[in-house]
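With the sequences and hints as input, model every part of the structure.
Mapping of the sequence shown onto my numbering: residues 137 to 398, in sequence order.
Because the hints were derived from the structure by calculation, they are not lab data.
Computed from a predicted model, the values in this text were never measured in an experiment.
From the three backbone atoms N, C-alpha and C, an ideal C-beta is built for every residue, glycine too.
Incorrect hints may appear among the rest.
Claimed, not checked - Okay, the calculated beta carbon distance ranges per label pair:
(1) Glu253 x Asp343: 43 to 53 Å
(2) Glu317 x Ala387: 46 to 56 Å
(3) Glu260 x Phe383: 22 to 32 Å
(4) Asn238 x Ala344: 39 to 49 Å
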Amino acid sequence: MRSSNPLHEPAAHLPDGVQMPMLGFGTWQISGEQCRRAVATALGAGYRHLDTAAMYRNEAEVGQALVDSGLPREDVFITTKLLPADAARAREALEDSLAVLNVPSVDLYLIHSPPDEGGPGIWEQLLAAREEGLARAVGVSNYSIDEVDELIEATGVAPAVKQVRWAPSVHDPVFLAESAERGVVVEGYSPFRSSDLEDQTLGAIADAHDVTPAQVVLRWHLHHDIVVIPKSVTPQRIRANADLFGFSLTADEVARIDALAG
Numbered sequence: 137m138r139s140s141n142p143l144h145e146p147a148a149h150l151p152d153g154v155q156m157p158m159l160g161f162g163t164w165q166i167s168g169e170q171c172r173r174a175v176a177t178a179l180g181a182g183y184r185h186l187d188t189a190a191m192y193r194n195e196a197e198v199g200q201a202l203v204d205s206g207l208p209r210e211d212v213f214i215t216t217k218l219l220p221a222d223a224a225r226a227r228e229a230l231e232d233s234l235a236v237l238n239v240p241s242v243d244l245y246l247i248h249s250p251p252d253e254g255g256p257g258i259w260e261q262l263l264a265a266r267e268e269g270l271a272r273a274v275g276v277s278n279y280s281i282d283e284v285d286e287l288i289e290a291t292g293v294a295p296a297v298k299q300v301r302w303a304p305s306v307h308d309p310v311f312l313a314e315s316a317e318r319g320v321v322v323e324g325y326s327p328f329r330s331s332d333l334e335d336q337t338l339g340a341i342a343d344a345h346d347v348t349p350a351q352v353v354l355r356w357h358l359h360h361d362i363v364v365i366p367k368s369v370t371p372q373r374i375r376a377n378a379d380l381f382g383f384s385l386t387a388d389e390v391a392r393i394d395a396l397a398g
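Structural data, given as structure tokens:
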């Protein structure tokens, strides 16, 4: 997937040549017309990576915003997730999501959370769906390293992506290193919910670059090669969150932000 749009780059490299834009637009807790408008604004601002889930009950609005945008399907990376209650019918649940999204396939399909039992079997269903072309890549969300290892040991195939809550306050270099050792791309959600945007360190760094603390948090994710999916329903903030490529953090600034972890 290649485009002249700058938000396609940088990109995380997934198996089979799949390119995942490092900056995406999250849609958790946005629904109905508000969701459709927010996604439309994000696409208009240049985002080419959308994150939704069956649990969010907004796949229809995400799909409609994509149709309304007039953008070619292949220009937008779409992630959706398996509803935990549908774990036993993962393939069929993906087909349901595709119908609601009104797309023939998604770029990434995630198990939304670890099931109480049968994890490897559910993972095998996702691998089969990938082989059928229903998803270009498959992964997990809210999994620990041990839970990822269980899938690898059972199937020999690691998740392409592991989506977890991430922010400076929960920065964990060991977790990142262990994920990289397994070839798993880390994707962070709730970057602002888990951050103190009034923190003096973030404020000072933001002032030094004439940006907002929120932009500093997002840029920090990219410095650590973590895919990040900020969410907002405010057009000005949606556009500001995409404006990350006119400044770069120094090694000292990154280290100071890392030190915010508890």
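To see whether the hints hold, each was checked on the structure:
no.	hint	verdict
1	Glu253 x Asp343: 43 to 53 Å	holds, 51 Å
2	Glu317 x Ala387: 46 to 56 Å	violated, 23 Å
3	Glu260 x Phe383: 22 to 32 Å	violated, 44 Å
4	Asn238 x Ala344: 39 to 49 Å	holds, 45 Å
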